[in-house]
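Visitor: These are the residues of each chain, in order.
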Amino acid sequence: MAKRVQDKKPKRSKSAMAWLEENIAEQKLRYKAIVKEMDELAPTRARWYKEFLEICQTRGTNVTGDMRRKIAKHEVPKKPKRKDRVVY
Amino acid sequence: MARPHIEPYVELDTPYKKLDLNGFKGSEYKALSLDIDTGACTLKVQFNNGFKRKPGLSYSDMEIFVLEGRIKVGKEVWGRGHHAFVPAGMALGAMQSEPGAEVLLMFNDSEPSFYESDKNHQLALTAAFTSLNSYQDAPWAPATLANPSVASGCMLKVLRYDPITEACSFLYCMSPEYAQDNISYHDCAEESYHIWGTSWMMQFGDLPTGGYFWRPPWINHGAFRCERGTIAFGRTDSKLHNYFHFNPWSNPDENLHRAAAHLYRQRPTLFQWVATDGHNHPHGPDDFEYPHYHDDAQVRHLHGHTPNEIK
Chain A
1 MAKRVQDKKP
11 KRSKSAMAWL
21 EENIAEQKLR
31 YKAIVKEMDE
41 LAPTRARWYK
51 EFLEICQTRG
61 TNVTGDMRRK
71 IAKHEVPKKP
81 KRKDRVVY
Chain B
1 MARPHIEPYV
11 ELDTPYKKLD
21 LNGFKGSEYK
31 ALSLDIDTGA
41 CTLKVQFNNG
51 FKRKPGLSYS
61 DMEIFVLEGR
71 IKVGKEVWGR
81 GHHAFVPAGM
91 ALGAMQSEPG
101 AEVLLMFNDS
111 EPSFYESDKN
121 HQLALTAAFT
131 SLNSYQDAPW
141 APATLANPSV
151 ASGCMLKVLR
161 YDPITEACSF
171 LYCMSPEYAQ
181 DNISYHDCAE
191 ESYHIWGTSW
201 MMQFGDLPTG
211 GYFWRPPWIN
221 HGAFRCERGT
231 IAFGRTDSKL
241 HNYFHFNPWS
251 NPDENLHRAA
261 AHLYRQRPTL
271 FQWVATDGHN
281 HPHGPDDFEY
291 PHYHDDAQVR
301 HLHGHTPNEI
311 K
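Going down the list, the sequences are from chains A and B.
The first sequence: position 69 = 69 (our numbering), numbered continuously.
The second sequence: position 1 = 1 (our numbering), numbered continuously.
For reference, chain A alone in the conformation it holds in the complex:
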């Protein structure tokens, strides 16, 4: 088994632990704020989805690079009943 520098890391100092705890707590708040902001964007996003699916049927969707394929009406995905989420 090869040894790695990461396995030899000295024990975390108290100041490093405090720094981690502070920043983990702040990140939780940041995450919540992002989720709220993205939830508020939902009505606008619904319009963007509609425009996107129209483009896929008229100009086409990019398959790879600049190659496009127009999707047929029967291929257009249906909105499921669950809430639409973009942040996980």
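Hints in this document: simulated from the structure, not taken from any laboratory.
All of these numbers come straight from a predicted model, not from anything done at the bench.
Yeah, the Cβ is synthetic: ideal placement off N, Cα and C, and Gly gets one too.
Warning: the hint list may mix true and false statements.
Said to hold, decoys possible - SDA-like cross-link-like pairs, simulated, lysine to any residue; straight-line CA separation at most 25 Å:
1) Lys14(A) with Pro307(B)
2) Lys83(A) with Lys119(B)
3) Lys36(A) with Tyr16(B)
4) Lys73(A) with Ala261(B)
5) Lys32(A) with Ala261(B)
6) Lys239(B) with His292(B)
7) Lys14(A) with Thr306(B)
8) Lys8(A) with Lys17(B)
9) Lys3(A) with Lys119(B)
10) Lys78(A) with His245(B)
11) Lys81(A) with His257(B)
12) Lys54(B) with Lys32(A)
13) Lys3(A) with Glu116(B)
14) Lys30(B) with Leu20(A)
15) Lys14(A) with Pro55(B)
16) Lys50(A) with Phe244(B)
17) Lys79(A) with Asp206(B)
18) Lys9(A) with Glu116(B)
19) Lys239(B) with Thr64(A)
20) Lys11(A) with His303(B)
21) Lys17(B) with Met17(A)
22) Lys73(A) with Asp181(B)
What the hints assert, rightly or not - Some chain B residues flagged as far from chain A (calculated, every beta-carbon gap over 10 Å):
23) Ile36
24) Lys54
25) Arg80
26) Pro139
27) Asp162
28) Cys188
29) Lys239
30) Gly284
Unchecked claim - Label pairs and their in silico Cβ distance ranges:
31) Glu51(A) with Ile164(B): 38 to 48 Å
32) Lys75(B) with Glu51(A): 53 to 63 Å
33) Arg59(A) with Lys25(B): 48 to 58 Å
34) Glu51(A) with Tyr264(B): 43 to 53 Å
35) Val35(A) with Glu177(B): 28 to 38 Å
36) Pro80(A) with Val274(B): 23 to 33 Å
37) Asp39(A) with Glu102(B): 38 to 48 Å
38) Pro43(A) with Pro15(B): 30 to 40 Å
39) Lys18(B) with Arg69(A): 50 to 60 Å
40) Ile36(B) with Asp39(A): 18 to 28 Å
Given the coordinates of chain A, assemble chain B onto it according to the supplied hints.
Guide: Coordinates of chain B only, in the frame set by chain A:
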């Protein structure tokens, strides 16, 4: 759960805080994302005018990208656009920044650490060190590294490539009036910071200058638009594959299953071998080319086996 999904986050209005950890006194930071299991993190750091520190090493792989200003590191001078990957245990020369500097600073294995030393740790994999000015010393290339590929008008400069995991650090740009009409997801985590410019994604809206994301695997992003051009720094934690589709409502679990179905159809014998009972070695199959890859820090990190877990 490693790092949470941070997208979009625009840091410009967030104030800097003092970075009072050993080796960073005289600098300030904003945390962009943080692994809650290990402390691995991406920070925007401001080295204040006159910042100095002695030679030393970190017990984590470290990456740096200079946004503004200049830093003298040993005999090198790192200015705007400089990128360096410093493997864990490798001693960096004394650092000094007379004019000050703003950088992205990334620790891949644990929280920021610094131990004064002018010698490399005996286990340091120093051959992995890279250092170049990405603005001056790397060419733009079409972003066809991944196939299926993005639309023309998105260009890449590959700054670091890990041969074991194919994790990649890169500069990318989108030309003015860039457009790509599909939805993408990947089986790797992806990270980006907008150095300049605004681009738009259908799920998240506009991401302006100072915009950032850390996106775990399987999450939809796109369609894409960029009206006036964008230049950004990006990273992945393993090989990037573009899974393109056009269903705005698919979720990460459905995306994962779809990717596995691709594997089933496109690499049938590999799929069958991996899926067969008894072949799923918990630390990965043998590889005659990289016999010790199981111990690679990045590989262990990807599989949740980290030596420096936060208790």
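Visitor: Please test the hint of 23 to 33 Å on the beta carbon pair from Pro80(A) and Val274(B).
Guide: 30 Å, holds
Visitor: If we take the beta carbon of Gly284(B), is the closest beta carbon in chain A still more than 10 Å away?
Guide: The claim holds: Gly284(B) sits with its nearest Cβ about 13 Å from chain A, beyond 10 Å.
Visitor: Holds or violated: the 38 to 48 Å window for the beta-carbon distance between Asp39(A) and Glu102(B)?
Guide: About 32 Å separates the Cβ atoms of Asp39(A) and Glu102(B), which means 38 to 48 Å is violated.
Visitor: Please verify whether Lys239(B) and Thr64(A) have alpha carbons no more than 25 Å apart.
Guide: 18 Å, holds
Visitor: Lys54(B): least C-beta distance to chain A exceeds 10 Å?
Guide: Check passes; 18 Å lies beyond 10 Å.
Visitor: Just double-check Lys239(B) for me: nearest Cβ-Cβ distance to chain A has to come out over 10 Å.
Guide: Check passes; 17 Å lies beyond 10 Å.
Visitor: Examine each Cβ of chain A, and state whether all of them lie more than 10 Å from the Cβ of Pro139(B).
Guide: 20 Å, holds
Visitor: Under the criterion that the straight-line Cα-Cα distance not exceed 25 Å, is the pair Lys14(A), Thr306(B) satisfied?
Guide: 20 Å, holds
Visitor: Does Ala261(B) lie within 25 Å of Lys73(A) when you go C-alpha to C-alpha?
Guide: Given that 25 Å is the threshold and the Cα spacing comes to 24 Å, the pair holds.
Visitor: Below or equal to 25 Å on CA atoms is what counts here, so check Lys50(A) against Phe244(B).
Guide: 18 Å, holds
Visitor: Sort out whether His257(B) lies within 25 Å of Lys81(A), counting only the CA atoms.
Guide: 20 Å, holds
Visitor: Does the Cβ pair Lys75(B), Glu51(A) satisfy 53 to 63 Å?
Guide: 54 Å, holds
Comparing the model with each numbered hint stated earlier shows that hints 2, 5, 8, 12, 23, 34 and 37 do not hold.
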